[in-house]
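Asks: This is what each chain is made of:
Number of protein chains: 4
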Amino acid sequence: MGKKPLIVVNFKTYTEGTGENAVRMAKYCEEVSRDSGVDIIACPQTPDIYRVASAVKIPVFAQHIDGVGAGSYTGHITADSIKAAGAGGALINHSERRLVLADIDSALQAAKRSGLTAIICTNNIAVTKAAAVLAPGFVAIEPPELIGSGIPVSKADPDIVRDSVAAVKKIAPDVEVLCGAGISRGEDVAAALELGTAGVLLASGVIKAKDPRAALLDLVKNV
Amino acid sequence: MGKKPLIVVNFKTYTEGTGENAVRMAKYCEEVSRDSGVDIIACPQTPDIYRVASAVKIPVFAQHIDGVGAGSYTGHITADSIKAAGAGGALINHSERRLVLADIDSALQAAKRSGLTAIICTNNIAVTKAAAVLAPGFVAIEPPELIGSGIPVSKADPDIVRDSVAAVKKIAPDVEVLCGAGISRGEDVAAALELGTAGVLLASGVIKAKDPRAALLDLVKNV
Amino acid sequence: MGKKPLIVVNFKTYTEGTGENAVRMAKYCEEVSRDSGVDIIACPQTPDIYRVASAVKIPVFAQHIDGVGAGSYTGHITADSIKAAGAGGALINHSERRLVLADIDSALQAAKRSGLTAIICTNNIAVTKAAAVLAPGFVAIEPPELIGSGIPVSKADPDIVRDSVAAVKKIAPDVEVLCGAGISRGEDVAAALELGTAGVLLASGVIKAKDPRAALLDLVKNV
Amino acid sequence: MGKKPLIVVNFKTYTEGTGENAVRMAKYCEEVSRDSGVDIIACPQTPDIYRVASAVKIPVFAQHIDGVGAGSYTGHITADSIKAAGAGGALINHSERRLVLADIDSALQAAKRSGLTAIICTNNIAVTKAAAVLAPGFVAIEPPELIGSGIPVSKADPDIVRDSVAAVKKIAPDVEVLCGAGISRGEDVAAALELGTAGVLLASGVIKAKDPRAALLDLVKNV
Chain X
1 MGKKPLIVVN FKTYTEGTGE NAVRMAKYCE EVSRDSGVDI IACPQTPDIY
51 RVASAVKIPV FAQHIDGVGA GSYTGHITAD SIKAAGAGGA LINHSERRLV
101 LADIDSALQA AKRSGLTAII CTNNIAVTKA AAVLAPGFVA IEPPELIGSG
151 IPVSKADPDI VRDSVAAVKK IAPDVEVLCG AGISRGEDVA AALELGTAGV
201 LLASGVIKAK DPRAALLDLV KNV
Chain U
224 MGKKPLIVVN FKTYTEGTGE NAVRMAKYCE EVSRDSGVDI IACPQTPDIY
274 RVASAVKIPV FAQHIDGVGA GSYTGHITAD SIKAAGAGGA LINHSERRLV
324 LADIDSALQA AKRSGLTAII CTNNIAVTKA AAVLAPGFVA IEPPELIGSG
374 IPVSKADPDI VRDSVAAVKK IAPDVEVLCG AGISRGEDVA AALELGTAGV
424 LLASGVIKAK DPRAALLDLV KNV
Chain D
447 MGKKPLIVVN FKTYTEGTGE NAVRMAKYCE EVSRDSGVDI IACPQTPDIY
497 RVASAVKIPV FAQHIDGVGA GSYTGHITAD SIKAAGAGGA LINHSERRLV
547 LADIDSALQA AKRSGLTAII CTNNIAVTKA AAVLAPGFVA IEPPELIGSG
597 IPVSKADPDI VRDSVAAVKK IAPDVEVLCG AGISRGEDVA AALELGTAGV
647 LLASGVIKAK DPRAALLDLV KNV
Chain F
670 MGKKPLIVVN FKTYTEGTGE NAVRMAKYCE EVSRDSGVDI IACPQTPDIY
720 RVASAVKIPV FAQHIDGVGA GSYTGHITAD SIKAAGAGGA LINHSERRLV
770 LADIDSALQA AKRSGLTAII CTNNIAVTKA AAVLAPGFVA IEPPELIGSG
820 IPVSKADPDI VRDSVAAVKK IAPDVEVLCG AGISRGEDVA AALELGTAGV
870 LLASGVIKAK DPRAALLDLV KNV
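Residue numbers (this note's numbering), protein chains in the order written: chain X, 1 to 223; chain U, 224 to 446; chain D, 447 to 669; chain F, 670 to 892.
Not one of these hints is a red herring.
Within a straight-line C-alpha distance of at most 25 Å, the following computed PhoX-like cross-link-like pairs (lysine-lysine) qualify: (1) X/170 - F/839; (2) U/226 - U/393; (3) U/393 - D/615.
Between beta-carbon pairs, the in silico distance windows are: (4) X/217 - F/781: 42 to 52 Å; (5) X/158 - F/781: 24 to 34 Å; (6) U/432 - X/158: 53 to 63 Å.
Hints were generated in silico from the structure; no laboratory data involved. Ideal Cβ placement from N, Cα and C applies to all residues, glycine included.
So that you can see chain X by itself, here it is in the shape it has in the complex (with noise of 0.2 Å):
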């Protein structure tokens, strides 16, 4: 029996995890989470934190926050709001919306000073490490070309993972890494948590699988 993974759930603007479907795909994390003792994380659209995280005691991330705060910043997320709508954390920098690096910056020292944890997205070793040297709470490292794909980083490109971690632990011991890209099945978690990372990121091998619950599940089958 192996080490726990850590298991982020991006719902994207998937329909499938839009509105009370979020809160549903919600719950059923939280069910595994709770059954499994697999810490488990959700990811819904910013629209949809405070009904999520009103409803489920799973943490409850963003998708993305910007690197502002408040003022005259109309149409864009703050740390400070997703906070307020109960949110734990955020991804930052995902490859489907990607920020300026200085505004990776500012919007990680705005999730610090909200108590939120970051996960700052990236493609490539020297990406993971410059994220690194910035000490937000985890690195996820999806190589761009194998997201969607159904071939799980964890197979594809093991290199890519193994040095990562190794990169991350050397500038940063306190930056946990997580990888993505392809994951779906419990073999895909067992080889990254293998691989030196804290667990995995994953969207449409939950989001858009017929059985969420089941796919889920799968997920956590070997811990």
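Position chains U, D and F against the provided structure of chain X, taking the given hints into account.
Replies: Same frame as chain X, now just chains U, D and F:
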């Protein structure tokens, strides 16, 4: 006694309009709307849409939507997601959150498909005309140099408002025009109506006021 | 023998059209233009505008300009700077380099003040109409799903071209319409002219051709 | 007599540094560099790189490159294209032209492959450290609040400069540090060197000076 204006209150990311403050601010809007008969739309931050829309009966609009739909669009705000959260419409292309032209069009089309009312924000007469061609519910012209200036556009540059109304009515008679920038008092609203607009878009004049309810009451006093 | 088309050749960042290759490619364009009497515009990369414009007599257009002028705008491309380098015009809002609406307007105004001809690129009929309202010299419609497809827009979707021409002529009779996406042969050009356009915008069909001069000759063969 | 600084002169989009003015300005830089023995790099606008690099023997750097290479990237600036135009390097991520983190990395890698020297611009110590991890030739720290202020960073905030140098040397000893913002006189340059930098990055202090040559002479007077 004049025509009844529409008053759109943009909460921006002001602390005074975030989280519980957003709900309280929206309740002031609701109360003043009910007592005066003036339509008031509240535009809280995205994470606050659900709780605000659940708490008040006046329309709640998002401050921004992106030009994407369901899919792999982590961190984006879709028309469907804000609709599911209870919004009745959205600002599109606010001066603090500009969109590329193709995305203004796709955001607007998505809003229409979701049954939402769209307010496209613009900065001058040429851009107002381009926005009107796309046939949103409203175009809101806000000369950027007057935003946050305290000098109402209806006084500083009445021609831009009058000419915008004329240009829009010629291109798309069903599109209503709002004006913004520097609006804070009842006489600014009255002037905006006299120039042919359907109402005003404002932010700090209410949200940063010492007494927001009093500020709202002043805005509707001439009606 | 038909009407003479305008052919706009976008060099993109292809190696075959960079540096000395850009000069050679532009000379092919010049030679075919001179021999056929067809107007051909060369659009090299920004660093190549000066040397290309110094080497050929056909018009040279920039691939992009920003919506800013002289000042603290490091790394931006201004209308004045490309004019000084010898350009006669610019593409604005190409599908690979979209601009926010207000910047399309300000880039266009800056181009006009510098005496440059602007071609605003668009993706559908609604956006084409919005662009036409701004009164550029040309609007170039390129349905994104056909770009680089090898299927000419004039064959795959003649209605979008015909309807764009009709819509533009109604809004701004002086604005000419070009069409792009999938254009590579003389019959595509002929079809585009029959649909009412003034010509075509193309890239890989010439620049990535084994024999770019032969490709250009084929494009003008029906004239 | 002190160590010899590197002086990087950013022409921005100032009229005084556009077209023929860019050539004249670069010749002033060349003359002062030759007479003083101080290395001066000229950063004209992208359309001016070719004519400036053809006219002077000092290094010419681009103000910006994008994180893309050869291909369908209309309107983007590639490392290869500026190399072909005669540039010896580029600013990357200037405060007026920020890049997403992944693009800073890919622009830097492309610059290295083209044999170009890269100067990554940063805004604070955390971002400076992240940039240093990527191993560019130089990191240039410019506190945004001081840019264009007339108050030299070396006087207003010596600690940010000193701490940046210390942090960079710890992470990547080969990376040199420049500082910018508010630099206009020889004593600012001297102060920057004393704080451990390799030199300065400046713009208006030279380009907008009544007598740019005199301004350059003043900058090198202490060497």
